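Protein chains in written order, with this note's numbering: chain A, 1 to 311; chain B, 1 to 311.
Calculated directly from the structure, the hints in this document are not laboratory data. Hints are supplied without guarantee of correctness; some may be wrong.
Any copy, or any two copies together, can satisfy a pair, since identical chains are not distinguished.
DSS-like, lysine-lysine: derived pairs with alpha carbons at most 27 angstroms apart [what the hints assert, rightly or not]: (1) Lys149 <-> Lys92; (2) Lys98 <-> Lys296; (3) Lys296 <-> Lys308; (4) Lys41 <-> Lys149; (5) Lys296 <-> Lys225; (6) Lys92 <-> Lys274.
The model shown is predicted, which means the values in this text are computed figures rather than measured ones.
There are 2 protein chains.
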Amino acid sequence: MNRLTVNALRAIEEEMHRLRRYQTVPLFYDPIDYMLDLGGKKIRPLLLWLSCGMCGASPERALPAAAAVELLHDFSLVHDDIMDNDATRRGKPTIHVKWDVNTAILSGDGLLGFAFQKLLETDCDDTAELARVFTRAMIIICEGQGLDKQFEEQEEVTPAAYLDMIRRKTATLIEVSCELGGMIAGADDATLEQLRRFGLNLGMAFQMQDDMLDITADEAALGKKVGSDFEMHKRTILYLMLRERLDKAVFDALDLAGYRRALNEAGILAAVQKQTEDYFDAAWRALEHFPASPYKSAVGEMLSSLQKRRY
Amino acid sequence: MNRLTVNALRAIEEEMHRLRRYQTVPLFYDPIDYMLDLGGKKIRPLLLWLSCGMCGASPERALPAAAAVELLHDFSLVHDDIMDNDATRRGKPTIHVKWDVNTAILSGDGLLGFAFQKLLETDCDDTAELARVFTRAMIIICEGQGLDKQFEEQEEVTPAAYLDMIRRKTATLIEVSCELGGMIAGADDATLEQLRRFGLNLGMAFQMQDDMLDITADEAALGKKVGSDFEMHKRTILYLMLRERLDKAVFDALDLAGYRRALNEAGILAAVQKQTEDYFDAAWRALEHFPASPYKSAVGEMLSSLQKRRY
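In isolation and in its complexed conformation, chain A is listed as follows (with noise of 0.2 angstroms):
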């Protein structure tokens, strides 16, 4: 990671903790600056702040809106180790373990009112713009989580309508970082266009990974036990894909290493990978698009290590 980058990363987690707080609440605030103190890879922030950059204004205006999509994932991520039934996060308990679900509830609730303080104390021409595109992407976050829950539920789902579900609830707010970075700077809709682009494909590529890493990954790296989603009968885009080519008596049938041999064996594996690499061309392509500048190498960075992420 290189200076610019651990830079704004520092200046990141400041901002979030500049929170305007109207009353001492312990019971409210604690849960709320325990889940800033958990740390996270922060790419959406960084994304928009090294977007704002790209588009050739100083990144500092940016800070309150990084501020602000971070908090908005930290609000998801609340809620949904709620509905998920999750019991920990960044390897330590989630905020309904450690305190309770009503405790969790509002202060998830708070740190959506706190991502949308923080979005709207950014300088820019049109901030009431911004918190539109900002709300936009929420309402689709939920939606997201919406049919997620809905998929439980359902017997069958399409590899499709997976796709569309992750696009709502994973890729949507890393597109709109890199939109709402492009925004503050002042940029026009073509080069929106081309953040939003770069965005999207990145979101969906960085889930793609997420799901192959359940079965590919080295399991110390990882954090977590590798293949726990097949155990737990989470869908993913394997488990959709393979569950489309099987009877379900077979399929039902299938252990961790049946799982993994059927998956290569119908070339599903690959092709996920190689779905993967188009989403992350997608994203390089769209990148081309902005002059050289330190802001845009840093994201060329970024894309690169996230593209070999083995964990």
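Assemble the complex: chain A is given as a structure, and chain B must be docked to it using the hints.
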């Protein structure tokens, strides 16, 4: 209710149903539509709409913002009902009862998203500033809910702390509804101050009434059992004032009849009644600031009918 108010109510209902949806997701949208169809008094959007008119602008401009404050209120009801374990709302099953907790979390989030969507549709000189005031209110409401939950764990809660809590949890949104109506009309700072004062005092009076009606209401008209707050040990201003006066053992031994007798003997019902009237008086005084108009008359009618309510 006069014709102006009836027409405003209809327009608000319609506006609340005009949501820009991006995808068909029944699990997400069915409970949102259910909540929108539950009705409710619509005090906040009516006050916003009428406040805009009282300040000399066409209240039609305020319609999206009016829908927004009711959507924000609905969001807080859906999440609070989970936290408070309330099984009915407006005479119907709450969302977490009719569906489940996860669905209620997600649809509450959605209502909040649509609240921002509507607010940001408002055509006004500084829509971003509207959104800042709205966001601040949303965070303060969460703080109020946090205080309320904290109080459940505390042995001692002073009446002053309780008043601060309800100011945040209940009165803030009424205050801000009036303020937003004025902002949309382009009202000056002194006028906005009177609108806030009006709304805040009305909001406090409204909650004091709620607390008293649990003891003094006509059961059929109230729509729930008289004394149910007391039976559930819900801290109300009456409860907390009496708790301050009596030994814990004496207080804990009270049945409903004894509780009511003690409230009368200690002069607490009369004191709270007086306090409520003081809040209403302050609201009436703030209203005097505005020139005569059909909108002001309609606000006066609302205030009057709220002041007289017996359920």
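Hints, one by one, checked against the model:
1. For a Cα distance limit of 27 angstroms, the shortest separation of lysine 149 from lysine 92 qualifies both inside one copy, at 24 angstroms, and across copies, at 24 angstroms.
2. Taking identical chains as interchangeable, the C-alpha atoms of lysine 98 and lysine 296 are never at most 27 angstroms apart, the minima being 40 angstroms within one chain and 51 angstroms between chains.
3. Proximity of lysine 296 to lysine 308 under the C-alpha cut-off of 27 angstroms is restricted to the intra-copy arrangement: shortest distance 18 angstroms within a copy versus 66 angstroms between copies.
4. Taking the closest pair of Cα atoms, lysine 41 and lysine 149 come within 27 angstroms of each other only inside a single copy of the chain (26 angstroms); across copies the shortest separation is 33 angstroms, beyond that limit.
5. Within a single copy, lysine 296 and lysine 225 get their C-alpha atoms no closer than 36 angstroms, and across copies no closer than 66 angstroms, so neither meets the 27 angstroms cut-off.
6. Taking identical chains as interchangeable, the C-alpha atoms of lysine 92 and lysine 274 are never at most 27 angstroms apart, the minima being 34 angstroms within one chain and 52 angstroms between chains.
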